[in-house]
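Asker: Sequence:
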Amino acid sequence: MTDAEGPPVPLVPARYPGPAGPPSVADAELLSRGELTVRGQIHEASNAVLLCSVAHRGRRAECVYKPVAGEQPLWDFPDGNLARREVAAYAVSEATGWGLVPPTVLRDGPYGEGMVQLWIEADPGASLLALTEDEQAGEGWKAVGPAQVGADRTALLVHADSPVLRRLAVLDAVINNGDRKGGHLLPASDGRLYAIDHGVTFHVEDKLRTLLWGWSGERLPTEAVEVLADLATALEPGAPLATRLAELLTAAEVDALRARVDALRAAGRHPEPSGRWPAIPWPPV
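Note that the working numbering gives residue 139 to position 139 of the sequence shown, counting from 1, and the numbers run on in steps of one.
By construction, these hints were calculated from the structure, which means they are not laboratory data.
Careful: at least some of the hints might be erroneous.
To be verified - Have a look at the derived ranges for each label pair, beta carbon to beta carbon:
{"id": "1", "residue 1": "153", "residue 2": "112", "range": "41 to 51 Å"}
{"id": "2", "residue 1": "161", "residue 2": "59", "range": "20 to 30 Å"}
{"id": "3", "residue 1": "123", "residue 2": "40", "range": "17 to 27 Å"}
{"id": "4", "residue 1": "255", "residue 2": "161", "range": "28 to 38 Å"}
{"id": "5", "residue 1": "243", "residue 2": "152", "range": "51 to 61 Å"}
{"id": "6", "residue 1": "222", "residue 2": "40", "range": "23 to 33 Å"}
{"id": "7", "residue 1": "266", "residue 2": "113", "range": "50 to 60 Å"}
Said to hold, decoys possible - Pairs of lysine-lysine, DSBU-like flavour, derived with a Cα cap of 30 Å:
{"id": "8", "residue 1": "181", "residue 2": "142"}
{"id": "9", "residue 1": "142", "residue 2": "207"}
{"id": "10", "residue 1": "181", "residue 2": "207"}
Virtual Cβ for every residue (Gly too), placed ideally from N, Cα, C.
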């Protein structure tokens, strides 16, 4: 698979340099209880995103802090609760056992309540998304669709046919992610995949917009079917996950989450674009 000048063009930039190794439960405790020190700001982010260090009882890590006070209003989401949706996405990710979202907590910080998330080092050599001028995706890739790359030139957007990336496609369908862009994917050097920026999630209406449409309409893997069954049990009223989500989301949003899990289980297939609005977020990276 090639483009006009060579091999596939990687679209995923490295972001959030930070500590090596997989996150742990201890990281969540560190984020919750540690002292936050602001070191800088990511200026290209649409909301306030502060680079911080956090230290507690001899442990130290790098993290990002998104204060609620720095959230920009959205026409289709209530004001001041994007941070809670990020924490809810982490809770659901942990319930799947896939560990796709870095440890994320809700806490007070230097600028008030906000989301604090462990910094993850991305492998700059990993290619999860690419553009090619071939008509079809090559081996190891899944086609997303045509992309405009010039005034009179298009290319085929593809993503890796990776089991871990497929897990993320399922998770995004569950949490109703309205903004899965390439820059939100953090492939680590140890082979793990992490995903960030989950503020636009859990809406009661279908908002799924993603670059991961390559499995659209295909049967869900057995692993995903089993995870969805476990997740349905975890979302039953009174279960720990359901109780935690009730603290972060509205009752209607939790009910909609249950309904999406039930619908995925009944269909047994990856969702397809609704056709009611653009299925891919802009900009895609």
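Asker: Go through the numbered hints given earlier and state which of them the structure violates, listing their numbers in rising order.
Answerer: 2, 6, 7
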